[in-house]
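Fit chain G to the known structure of chain C by using the hints.
Chains as they are written, first to last, in the numbering used here: chain C, 582 to 908; chain G, 9 to 265.
Source of the hints: derived by calculation from the structure; they are not laboratory data. Accuracy of the hints is not assured; some may be wrong.
Said to hold, decoys possible - For lysine-lysine, the following DSS-like pairs were computed, each having C-alpha atoms within a straight-line distance of at most 27 Å: (1) C:Lys794 <-> G:Lys198; (2) C:Lys794 <-> G:Lys85; (3) G:Lys85 <-> C:Lys693.
Said to hold, decoys possible - Ranges of calculated distance between the beta carbons of each label pair, as one might list FRET restraints: (4) C:Leu706 <-> G:Ala138: 21 to 29 Å; (5) C:Leu875 <-> G:Leu27: 52 to 60 Å; (6) C:Thr616 <-> G:Thr105: 38 to 46 Å; (7) G:Asn148 <-> C:Val754: 46 to 54 Å; (8) C:Pro883 <-> G:Val81: 55 to 63 Å.
Said to hold, decoys possible - Facing chain C, a subset of chain G residues (Cβ under 10 Å, in silico): (9) Lys41; (10) Thr61; (11) Gly62; (12) Arg86; (13) Val92; (14) Ile139.
A virtual CB, placed ideally from N, CA and C, is assigned to each residue, including glycine.
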Amino acid sequence: MLARLKSSWSYLAIAALVVALILAPFHWFLGQYTTLMIVIGIYTIVTVGLCLLMGYTGQVSLGQAAFFGMGAYISAILTTTYGVNPWLAMLAAAIMTGAFAYIIGSPIFRLKGNYLAMATLGLGLIIWILFKQLNQSFGEPDGISGIPYLSIGGFVFNSSFRRYFLVWAFCLVILLISQNIVRSRTGRALRAIHGSEAASESIGINVNQFKVKILVLSAVYASIAGSLFAHHVRYVGAQPFDFLASVKLVVMAVIGGLASIWGAIFGAGTTHILSDELLLRFGDWDVVIYGLILVIVMIFMPEGLFVKLKEVFERLRLRYRQRGTEP
Amino acid sequence: MSGSVILETKGLTKAFGGLVAVDKVDLSIEAGKITAIIGPNGAGKTTLFNLITGVYPVSSGQIYFQGGLLNNVPAHKRASMGIVRTFQQVHLFGNMTVLENVMSGRHPRSSYGFLEAALRLPKARREEEAISLNAIKYLNLVGLGTHAEQDALSLPLGQQKLLAIARAMATEPRLILLDEPGAGLNTLEKRQLSDLIRNIREMGISVILVEHDMPLVMGLAEWVIVLDSGQKIAEGTAAQVQKDQKVIAAYLGEDVE
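Chain C with its partners taken away, still in its complex shape:
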């Protein structure tokens, strides 16, 4: 009964979220922030993948921006240099990035904890240097420009209003898919791996295979987000995919509550607004502030800011209810 009540509440919350998302880009609501919200949607997609990988499965990635960048660069190169249809390019990018994650998955997951973090960090740096080389081979020294808009038939996503709906449609589908995965046999296996690898193996869970699979899924999410990013900005450079970007993604996942799918929107939103609007004023000190946020959140609310806020809300609601039933 309680469970049903809880789930009907969450359906209501999701419905409210969808309505708010649909109304948001209209000029009489939050229209002036449409571009910002597009970018938040894109980051949300990457963050959800990172939540599955880090929050549910317990595997750290400090190189997630590499997968994000691969999606963007592969889309950019295929559409500008080779004139490939943007949708096909997006698909190709997802497949190539996924295959890359699959290939590095087996060796990299021989490492655990801090060593895994170091390895993914190194990998992210290598890929980032590769991006800089790609600029020179396929574009100008700083990046690749002239990326076309996405379109369906004659309908071109050439305004941010239109792209907003495109990005958030992708985002919601990915959130729903991820939620289904989390609430399944697969999701339990992932959480089991986080809980105890020894016990997982003992009940028949192929720990390494699941780790690789979830890495591939998170890479595919990041790649799709990267492609959307490329077709939104229509220019890609290496900067949004550097080490700091990977750290920013981890902050997004942590603030959203690592083991919370819908928290990803919150994490991506607050972190991006914070970094783009506020942290810029601190110049190079933004790294220090990211670090501080990470440390503070991990110490005082290891479940994440989003989950913490949800708890507080829940407690207030219960207290209000109790007061209501008292004579």
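Structure of chain G alone, referenced to chain C:
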């Protein structure tokens, strides 16, 4: 010994560098019985478990399960073949509820994967329903049915150990290995545990337990194997083993002869 053999080892050896933790051990475990493996600390009991369940590769020798060679079977595949274990340190999934822990144990008895899960295809829904029904069944078997929605680690140690057994049982094993199930339990909990283990045997499942609590072992085990310094020094019924000079010496630290 009579009856069919479920697990057999021949010259089973595990060396960690120079330390031989399990030394040429020959075992023949009879199906459908409760077998205890005892021995002083460091005798190699847990290492033996780790070899049987595939946590470590063997250094030399063979392990046969129901007649088939087990040596190169990866650990996670042994569960679906019917071998399952519990751990000394319990190893529950602390990020799950009691019921979810047992549902995880249904992993080798269900098959739907990422795609079916992501799209919630009919196969996923059907299997998920069967998974939770079965999990409740195994939770009731250990008497934790009323705690289903609690966080696993909120249970007291005694119940955590029962939960670990429920999770293992949910894999529908032919053979269950219990690593010190009685450690840290009070008298009442130990009695419940004994009843549960007998119950499991009645279900036709072979049980091997490593245990330090002698009254518990002597009350349960139909066959006792004694290890010392990695070697098998005696086996027999509880009464026979208790009288064995080598066993007494091993426990009291005396030299024989």
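Do the hints match the structure? See the list:
Restraint check: the Cα-Cα separation between Lys794 (chain C) and Lys198 (chain G) comes to about 42 Å, which exceeds 27 Å; the hinted pair is violated. Between Lys794 (chain C) and Lys85 (chain G) the alpha-carbon distance is near 18 Å, which keeps this suggested pair within the 27 Å criterion. For the proposed pair Lys85 (chain G) and Lys693 (chain C), the alpha carbon gap of about 22 Å is at most 27 Å, so the pair holds. The hint said 21 to 29 Å for the Cβ distance between Leu706 (chain C) and Ala138 (chain G), and at roughly 47 Å that hint is violated.
At roughly 42 Å, the beta-carbon separation of Leu875 (chain C) and Leu27 (chain G) lies outside the given 52 to 60 Å, and the hint is violated. The hinted range of 38 to 46 Å is satisfied by Thr616 (chain C) and Thr105 (chain G), whose Cβ atoms lie roughly 42 Å apart. The beta-carbon spacing between Asn148 (chain G) and Val754 (chain C), approximately 39 Å, falls outside the hinted interval of 46 to 54 Å. At roughly 38 Å, the beta carbons of Pro883 (chain C) and Val81 (chain G) sit outside the given window of 55 to 63 Å.
Interface hint at Lys41 (chain G): violated, since its Cβ lies 22 Å from the closest Cβ of chain C, which is beyond the 10 Å cut-off. With a least beta-carbon distance of about 6 Å to chain C, the hint placing Thr61 (chain G) at the interface is held under the 10 Å criterion. For Gly62 (chain G), the interface hint holds, since its Cβ comes within 10 Å of a Cβ in chain C; the closest pair sits about 8 Å apart. Given the 10 Å rule on beta carbons, the hint for Arg86 (chain G) holds: about 8 Å separates it from the nearest Cβ of chain C.
The criterion of a C-beta within 10 Å of any C-beta in chain C is met by Val92 (chain G), whose closest approach is roughly 6 Å, and the hint holds. Hint on Ile139 (chain G) holds. Least Cβ distance to chain C is approximately 7 Å, under the 10 Å limit.
Checked against the numbered hints listed earlier, the structure breaks hints 1, 4, 5, 7, 8 and 9; every other hint is satisfied.
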